[in-house]
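Novice: With chain A held as given, fit chain B onto it using these hints.
There are 2 protein chains.
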Amino acid sequence: MRPLTANTLNPTFHKVEYAVRGELAIKAEVLREKLKEPNHGLPFDKVISSNIGNPQQKGLDQPPITFTRQVAALMEWPALADLAPNVFPKDVVQRAKELSEEIGSIGAYSHSQGVPFIRRNVAKFIENRDGYPSNPNHIFLTAGASAGVSLLINALITSPKDGILIPIPQYPLYTASLAQHQGLPIPYYLDESQGWSTSVSSIEAALEKAHKESITPKALVIINPGNPTGALLDEATQEKLVQLCEKYSLVILADEVYQDNLHHRKTQPFTSFKKVVSHLQSPVPLVSFHSISKGVSGECGRRGGYFECTNFTEDVIALLYKMVSVGLCPPLAGQIGVDSMVRPPKPGEESYDLWKKETDTIHAALASRTHIMAERLNSLPGVSCVDSPGALYLFPRISISKKAQEAALAAGKQPDALYALGLLDETGICVVPGSGFGQKEGEWHYRLTCLCPGVDEYVGKLEAFHRKWVDQYGVE
Amino acid sequence: MRPLTANTLNPTFHKVEYAVRGELAIKAEVLREKLKEPNHGLPFDKVISSNIGNPQQKGLDQPPITFTRQVAALMEWPALADLAPNVFPKDVVQRAKELSEEIGSIGAYSHSQGVPFIRRNVAKFIENRDGYPSNPNHIFLTAGASAGVSLLINALITSPKDGILIPIPQYPLYTASLAQHQGLPIPYYLDESQGWSTSVSSIEAALEKAHKESITPKALVIINPGNPTGALLDEATQEKLVQLCEKYSLVILADEVYQDNLHHRKTQPFTSFKKVVSHLQSPVPLVSFHSISKGVSGECGRRGGYFECTNFTEDVIALLYKMVSVGLCPPLAGQIGVDSMVRPPKPGEESYDLWKKETDTIHAALASRTHIMAERLNSLPGVSCVDSPGALYLFPRISISKKAQEAALAAGKQPDALYALGLLDETGICVVPGSGFGQKEGEWHYRLTCLCPGVDEYVGKLEAFHRKWVDQYGVE
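These protein sequence lines map, in sequence, to chains A and B. Just so you know, full-length UniProt numbering puts the end of the first sequence at 476, numbered straight through with nothing missing. Just so you know, full-length UniProt numbering puts the end of the second sequence at 476, numbered straight through with nothing missing.
There is no bait here: all hints are sound.
Footprint (simulated), chain A over chain B, 3 or more residues, beta carbon under 8 Å:
1. 57-64
2. 72-86
3. 97-106
4. 146-159
5. 239-252
6. 329-338
If you are wondering where the hints come from, they were derived from the structure by calculation, not from laboratory data. For glycine and all other residues, C-beta sits at the position ideal for the given N, C-alpha and C.
Only chain A is shown next, with the shape it has when bound in the complex (with noise of 0.2 Å):
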């Protein structure tokens, strides 16, 4: 008998589905490497992976924020404010001393709930933005959110029949994490025609026919600004779904890792979760989670971000302390970079001025190419897409012929796997078929980033290909 074979493996390990490194981001890796030939006989010269929001990634290069970098190459090596005295801002060096007497190396394994220093200064970024306290005891710093939702999905679920309530279209990273911890999605859907808005009653609909099917909800996820859609959710409408929480004993995973990625900063902001219960004065368990990765930050490869715990007991946050500390603690340039993000320099001080001039151009060229991308993707026929408000993201809806449904059915992918394929293939750029977020039986989406520098060459290869597609399978 062989110890190891596929079937013999985790039977999770096979439900697992997570499309943003599925077969498309594979087949781009392969066609990356193919362009280094000589003649290698692609109609592209660059492969542009528009599937992951990594914004820092070669051939995006949105550059790194100086005074992140700076402060993390002197906690790198402490000797260099010495030996180069004078690259160095003033504030930046100030900034490493302090982290340095409270951290000491950053070779050393920190305490496993992260840095205390560093999660006081997340829980005054915290009271800064929501005007209501924060405890740093119920802060975990984390390698990236996805650590912190993995862990709270396992914690929550007990049985093969707990759920948890996730959005559609959905971040895969839930569906996947609930599938390793056996526990079930419990989806509800988010309306495409009001600009991809969340209802209590779509929710409640889920929960009934979750109570028909025998399923115990557990938890309600929600991610604001949304992923993949870019929606951005209301107070009032918050409101609701606190007390919809506390009606039916549900604990709020809030994903908020875009809240600082705003198209609209005056008109639409963010309201944290936090806020919102806190203002309620509401007793419903909430988990929040934000992230270096995204933002103008985007330092996906640093593994930072941390969650905050409120209306949790002490003896839940002492088992969630003893099961991260198993692992250890979370990368140190991680939790730097935290700091970095929720302390960034203030006007007066040396670092202010560029830090100011490098966030603003993030902000403009995402909030401007989103807008661009919407409209042109809205120009074309058999496609709609809702003009996000916030996060990296559009998601446009393809109508598909019965044809392409036919060549989709013969090809034995999805309609839209079909579509991101030939999209790849053709111009290089790789986005996720709708497929892997979930969508309404019978539609059709894509994600794709908004990162990308030259909006024009990017959204004109878009259009250009879906012109052939239509030329090819025609509209609906």
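Specialist: For chain B alone, kept in the frame of chain A given last:
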């Protein structure tokens, strides 16, 4: 109904035990805070965290390898190469440039298995070490070895009656991960009288017991050099273990993170399981784990490591890849740390002399401290201690008198936990009781690291406490 209480949380969270960061470590943190008060009234002025192999922590202050940190600083802020041209050695600048060309920004997600270029360098390191080929596509870079161990245990356990053979004493990551993934430990005992040796007969006895209890063994964990024991396997034993795994269809999980911590390198060298499996042309599936947290690198906070799969089929590798892709990628700071570990400066390169001096110093200090500590511990009444040839620890056995056992019972503690708590209270030295690693019924130990710089003061405190304990409770 409250939606979230300790009682409604996943029961595996209650079962997980991780003594290395358990009661003693938590108390040590409390004492460390208390020391900041002006009139703390404690009988010591610093807490020494000997509970965990964390060489660069405050108070131990093992210096990082300069080469590693210089490369990392340049990767954080590449402009430094031009802004401070005379500060960095030429080979460091060259190395950072090469890495940047391959990786791009360290703020971007990499391939989920880790940067392909770094995996190729790991494969070359393994080939040079063992003299057998290594496949970069079967190497996974990880956030420290722990993340990989947890993944593999998750992969192998498919029913609550599946088990994994674990040495006793063990590093509690194994039992913790088994509890989390709902598998069973199948303990096999190491022989303290033979320098904590591993024997086939002890493993076969454990297999027989498992069989009677209807537990299906899936894998054998070997920690070599041992943790907490420091024991080192010889090749003849390793061959027998591979043959045993072949016979019983077991996967080998070889924890080799201490492969570079050898105190008698010439007479007692390290042999990897990869080499033994390759030499025997055995079909046994093997996973070997390595890390940048130990060795002379001591870069715990970077969270870097890798595992290499041998005799794994492509479909199993693809499933492992899918699972790690949900977490996106290991921290880039850890990945470049792995690169520096597997590609240190070579003779003739500008950084070589300093690198050689730094690593020689760390090796020599650890070997000398380990030997001195073992010798002095052995001279204490009621203490016996194997003088470890490897790793970072000693695991002395302490005899516990009837009187001490009764005192422990009255305090609701294990006797070795009572001993360790007394040691912490009186000296500020935090160790981990043997009960956290497993030991034979009626035997008591503790694990302490051999990392403290002032060995004389350190052991002096251990001796003074022990004599006081013996005065109070007597020897067995």
